[in-house]
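Chain residues, written in single-letter form:
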Amino acid sequence: MPEHEAETEALTSDELLVEEVSIDGMCGVY
Amino acid sequence: MSSAAGSVAAFDLDRAWRVHPQVSMRPEPFGALLYHFGTRRLSFLKNQRVLAVVRSLADHPSARAACAAAGVTEAELPAYARALAVLAESTMISERTPHDPRT
Amino acid sequence: MTLAPDAVSHDAVSHDAVSPGRLTDLFQLGLDAPICLTWELTYACNLSCVHCLSSSGRRDPRELSTDECKAVIDTLQRMQVFYVNIGGGEPTVRPDFWELVDYATAHQVGVKFSTNGVKITPDVAARLAASDYVDVQISLDGATAEVNDAVRGPGSYATAMRAMQNLADAGFRGFKLSVVMTRQNIPQMDEFKAIADRYGAQLRLTRLRPSGRGADVWDELHPLPAQQKRLYDWLVAHGEQVLTGDSFFHLSAFGSALPGLNLCGAGRVVCLIDPVGDVYACPFAIHENFLAGNVRDGGGFETVWKTSELFQDLRKPDTGGACRSCGFYDSCRGGCMAAKFFTGLPMDGPDPECVQGYGEAALTAVGASPAVTVPRPSVDHSHRTTRSPRSAPVPVTITPRRPPSHDCDESPLAGFAAP
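Chains as they are written, first to last, in my numbering: chain A, 220 to 249; chain B, -14 to 88; chain C, 826 to 1244.
Bear in mind the hints are in silico, worked out from the structure with no lab data behind them. Just so you know, these numbers come straight off a predicted model, no measurement behind them. Just to be clear, a hint being listed does not mean it is correct.
[What the hints assert, rightly or not] Label pairs and their computed distance ranges (CB to CB): (1) C/D1155 <-> B/A50: 36 to 42 Å; (2) C/S1203 <-> B/A54: 51 to 57 Å; (3) C/E1134 <-> B/A60: 40 to 46 Å.
Every residue, glycine too, gets a C-beta built ideally from N, C-alpha and C.
Bound-form chain A, shown alone (with noise of 0.2 Å):
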């Protein structure tokens, strides 16, 4: 495992292929 950070590209989120979310996220539960 790399001991380094490296800084990703800055990618547009329609370009990632994998996004998170909390699982509160979603709108529609109190």
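We have chain A; now place chains B and C onto it with these hints.
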């Protein structure tokens, strides 16, 4: 909105990886949903190929091999490495140790 | 708790687009199951909050039985619904509450339950702290008893505080403290954060909607425009530390989007199962127009989710309607369907709290038009006594039991629904 690929630790494609045991995977028409019962985070895998890579990680000696087996081209590999980096950052996937069962 | 092995891959159309696109676009194909859902176990409640979205109070005799509830859980497990928000009414007043929570977590369905805290004793808190897969959410709508009890009733502040103390003492860290934001409590945001921090809880701020009894008090309680901005700025400053249940996506027109999917999840990624098994698009839309079916129908919940006409309709791409020409539509997505519906606004127009002010203009038009009747909730389990927002309970018998539906209504028949 959701975590974008800002500053994420570079992903080591040449190590062995597997899906975290607390993660539930649910295929969908668009790809898949991954839910981590420990962190309560949800990941959207936005196509079928990245799902194929993720679910086969434990079957390959390296993430690079899993990508190749799933048909990821050299040109596409950086995008898949970024995707895997996001999943590793949130512990959806983690490195295999020699004693990990192959699931 | 053991987790299910990977679900068998189904016959899916290969979706390897060059550009994966936005998350919202992915839902055009629909989801095989909700991501999470709200399940109201009972309409019974020991409180009578003035803004209750489910008009709860009295138990409905047709409530799902314990076995029927377990069958629903079995279905949720099969569909791999990750997480259920169990609410009500007050869910802990059901005698089988713990049995059902244990059954859910034993069947790979994560649980968060929403409670006013009435049954969170030290013993209960200890039991919860010992479970990895049960989360608790305490409701509180004022950082002081004065502000809180005006909405939730005398003693409710003390009950919530006691519950939180018990959870903290039992070592349960990260339970949720959930607040419905009102005109009266927006000035208290820092105090809410302090309360959450004191008990080791995570603060959650959510939107008041004109749903259920909320329709009667919305005019007085809903935030003013300047307060909305203040709320938005505060949320941005606190980032992912403070949850919102994605309930403020209509505020994303102020600037960058808040964390979350930023879209209406009703019928697409979430839905409601109510105490009698009715499936609604979302808990803020308990009305026959948003009723998709019932879990007691042949085929159960899975068939309702996958095939109901209402849900198929909601899953069609949203073209924006009257909001289409607004530069902010992409961020705010036209706001909340339930908020529009229960204020009498058209579904394809602005949210009543549109940050550009288009909602206010639309509401004025509604108020001035005698032809428009604002929809009333179809389902009402309120206790028979009524209480005004700012006084103690007064036993009265009034028919109808609510004040006029809209301040601007001139017609004496406003809000009257013929039987």
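Checked hints:
| no. | hint | result |
| --- | --- | --- |
| 1 | C/D1155 <-> B/A50: 36 to 42 Å | holds (40 Å) |
| 2 | C/S1203 <-> B/A54: 51 to 57 Å | holds (54 Å) |
| 3 | C/E1134 <-> B/A60: 40 to 46 Å | holds (44 Å) |
The structure fails none of the hints (numbered hints given earlier).
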